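Produce the entire structure from the sequences given, and follow the hints as far as they go.
For the protein sequence lines, the chains are A and B, in the order given. Going by the numbering used here, the first sequence runs without a break in its numbering and finishes at 553. Going by the numbering used here, the second sequence runs without a break in its numbering and finishes at 1106.
Since the hints were derived computationally from the structure, they do not count as laboratory data. As the structure is a prediction and not an experimental result, all values here were calculated from the model. Keep in mind that a hint or two might mislead.
In silico DSS-like pairs for lysine-lysine, Cα to Cα no more than 30 angstroms straight-line [to be verified]:
id	chain 1	residue 1	chain 2	residue 2
1	B	660	A	251
2	A	472	A	495
3	B	1077	B	835
4	B	966	A	413
5	A	413	B	995
6	B	995	A	284
Protein chains: 2
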Amino acid sequence: MESTKQFGNKKRIWTTRLDAKNRRIDSVKGLVNGMVIPTDQIVDVMEKLIRPGDRVVLEGNNQKQASFLSEALAQTNPKNLYDLHMIMSSISRPEHLDLFERGIAKKVDFAYAGPQSLRMSQMLEDKQLMMGEIHTYLELYGRLFIDLIPSVALVAADKADRFGNLYTGPNTEETPTLIEATAFSDGIVIAQVNELTDDLPRVDIPGSWIDYIVVADKPYELEPLFTRDPRHITDIQILQAMMVIRGIYEKHEVQSLNHGIGYNTAAIELLLPTYGESLGLKGKICKHWALNPHPTLIPAIESGWVESVHCFGGEVGMEKYVAARRDVFFTGRDGSMRSNRTLSQMAGQYAVDLFIGSTLQIDEEGNSSTVTRGRLSGYGGAPNMGHNPGGRRHSTPAWLNMITSEDPLARGKKLVVQVVETFQAGNKPVFVESLDAIDVKKDSGLATAPVMIYGDDVTHVVTEEGIAYLYKADSMEKRREAIAAIAGVTSVGLKHNSNKTDKLRREGLIAFPEDLQIRRTDAKRSLLAAKNIEEIVEWSDGLYEPPAKFRSW
Amino acid sequence: MESTKQFGNKKRIWTTRLDAKNRRIDSVKGLVNGMVIPTDQIVDVMEKLIRPGDRVVLEGNNQKQASFLSEALAQTNPKNLYDLHMIMSSISRPEHLDLFERGIAKKVDFAYAGPQSLRMSQMLEDKQLMMGEIHTYLELYGRLFIDLIPSVALVAADKADRFGNLYTGPNTEETPTLIEATAFSDGIVIAQVNELTDDLPRVDIPGSWIDYIVVADKPYELEPLFTRDPRHITDIQILQAMMVIRGIYEKHEVQSLNHGIGYNTAAIELLLPTYGESLGLKGKICKHWALNPHPTLIPAIESGWVESVHCFGGEVGMEKYVAARRDVFFTGRDGSMRSNRTLSQMAGQYAVDLFIGSTLQIDEEGNSSTVTRGRLSGYGGAPNMGHNPGGRRHSTPAWLNMITSEDPLARGKKLVVQVVETFQAGNKPVFVESLDAIDVKKDSGLATAPVMIYGDDVTHVVTEEGIAYLYKADSMEKRREAIAAIAGVTSVGLKHNSNKTDKLRREGLIAFPEDLQIRRTDAKRSLLAAKNIEEIVEWSDGLYEPPAKFRSW
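Set out below in structure tokens:
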């Protein structure tokens, strides 16, 4: 066979990754006890197990952080360890950026950089950091199996046994996905654990996927990011929540959904058992959720609204409550929750009727972004859940309800809702002629503008003025008109010709509260099923245990 | 707290699913040995563990089948077990439909029904079966966590130990996802295994997720669906493959991709080491793949084109080859491959530059379908990989290359390529004025027409005439013109005004072979790196072991 001849002489080696792994493992034999890295040896061991130029995936999404391992990595000697290519869901902790400042790491691919976004922009400007790409979670996970296959995974779990089996408890999150990509490509997996034990409550990740475990000096960092104190919900947010329930959830029969995090959506959750109940909607809407265990969902769960909740991750303080409501939440035999960020994002993308979230800026065509000048905050999960999945083929009443055409090939659409007030705090307009993202693109040398949700995916925009039903707009002109009509006294709103208002209302392109039989004066905090954290605890029969910072009694 | 008062008296039970599970488990105590169901007791045990009306997810994608369990389920007594709601990736085996004929099952949600599509359409017409929805794999998996949470999972693995730990070998496929949805929602998981052993090569799924194992009377069914004998590749397919390599892969710098299965794409794979090599493209294109282990990819792997392949599932006969090429494939410590349909579909959706596949019908606007009258074949993975993922935010050269607008918010696009001959075998035109799918929608009472890939997602169509660069069409009119120009003498093609041809070529909306410096007379089978299965075996150093039906020597 002619074509093979040219390769006949040089025998290619097909185990270079495994050989490299074995050499690294040999190099730490004297420092470890089998699979266990002694806590005080972690820095030394890392300098041997990780090599310059490695792709290192570091667990650190916005909740659970492999904080012991990231701190240790930042303590390695940049003479030994440099030019790492970091892959991280979230850049959240100071040492994540110290890695770059110290020269240990060089390049980063990530999904979210909330708490470190200011410093990161600065470091990028100062060329202390080489930007890879910004992703939504699922595409970052996808690349771990395609063109960002990791050399090393640094992850966090609650407990391990001496065979390396891991128990991740309610916070399984992204750990299995990061490990699967690494373990099955001859990379090295190091898991920090809070405890080493012979008696795991259950196995979340099999020991045969793990190379090393190390008991952390303190438990991994875990932030209660999905807790909103109802005390801070305003009457305007309650008005918007009433409009959403009436003008979107009821109108389109929304049965499955994801709520972004914020007071806007917390208000909706807290109105289901009161306002929603008064409309007779229980059992008709909001039955299935892809959602972290929001404490503000407790009253709706207790009053029988919620059939199921699948979670991306856990939430501090919700452990006992979730375990005691196992008909609703996904739980293991041991009683604790099972979360899975990959699967929940997949479900949130493909299997729910609606995504609703908030944003910082919306332009005249409905494009939105949370990126503002000087802050490269990234995306998280919103682009994944906040778009119309083009691969979807199954129908639900809400999805079909979005069809406005007579085309025989017409299909439904996911509902993507943006709920905002026309002005942010500090009197900054939310509706703008041009997104800051366009400037950020130029300043940061990004290939495309960092848009969170594109206008052609948005089906509804809700403000304190009313709802714009963008899915009904059959032209860009109509879409602009509908947005301007609810954009208040922002510069975008002031372009609206008020003579057109009644026509837009008649055509159903916009609705004001009165069109939905909602009296603005009814939108009061007294409608909230729980007005503060203490009342949520009551609803939960004392099972919800809020972190100290949310306790005021 | 007023709002809770109404619930004060009736104490809701929150463990109904777990209680039901425990009752079922108690009911079979006398029939099982711990976790092990005796092989000859399976029918009796199933009648007790499964209850009428249950949602049963049955593993049976198009490769691995839980065939022992599906056969046993079909043997249960419909007086005891009826009205099941089946959830299945693929309806592939006769007993899958016997279940409905016998009244054991009533409703089905599925993704693919290739081998049983004719009978299924007939049963639907005869009202012997209630249609749920047709899905692409990922959305079906997503619904397992939202509104199709299973009561029971029936799955297949290679081996189990007595703790229920499962080894799935190269064919992990969808097993972990089906089990995760069931095990963590207090459903019952029954795994058939080929062998019970104390010594598993590795653990693919932890025993604490499994309720019962049963040793099957024979190994699970496994079909070599991704093997194409190069003997059947035609000169026309070689011409098309040359056009794809030159006019798409090289032009747009396609580095990561998924190939659908078919002779068209097999031809491309077999031209990389010959034609592709002659163009100097090695190392520049086709480096990262989301793909089953196609035997026709072996020459490209052996000649150093392929850096990585992540697989949805395995392929019969490729086990030893894959194990010996572990730098390229994802493999476990034991040496065998790790596949994962969920993660590979996710990667194939979000993390690759290009999808290329074939179809049976394309309409004038580029919509395509494999559904023809009387056959409800479903979708499989094509809609997921063959669309532009709206949540994608990272860029690659190929993705950016699709930008044709000056809009500051413009973003790239996934390349979605359809490669077809203008006529199918039997002289049926591929290009049609109206898809059969529209009639099937009416006949079957589907909510939307079963379109496989929508025209607005398609970036390129390739025929024996040339390539239509649809991503460049800035209007529906242009898109139609470009499609008609390469649609040959089909009725769609005959509408083409040949006066426009040169303008379309100049504008780059279409390209003929000569525009790509390809001589039609060069497109010969002699260009194939392997002309038959035997030559593929040679390329593999004898590691590829083709199933008997592919052996002719």
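Quick check: which numbered hints come out false for this structure? Hint check: nothing fails, all pass.
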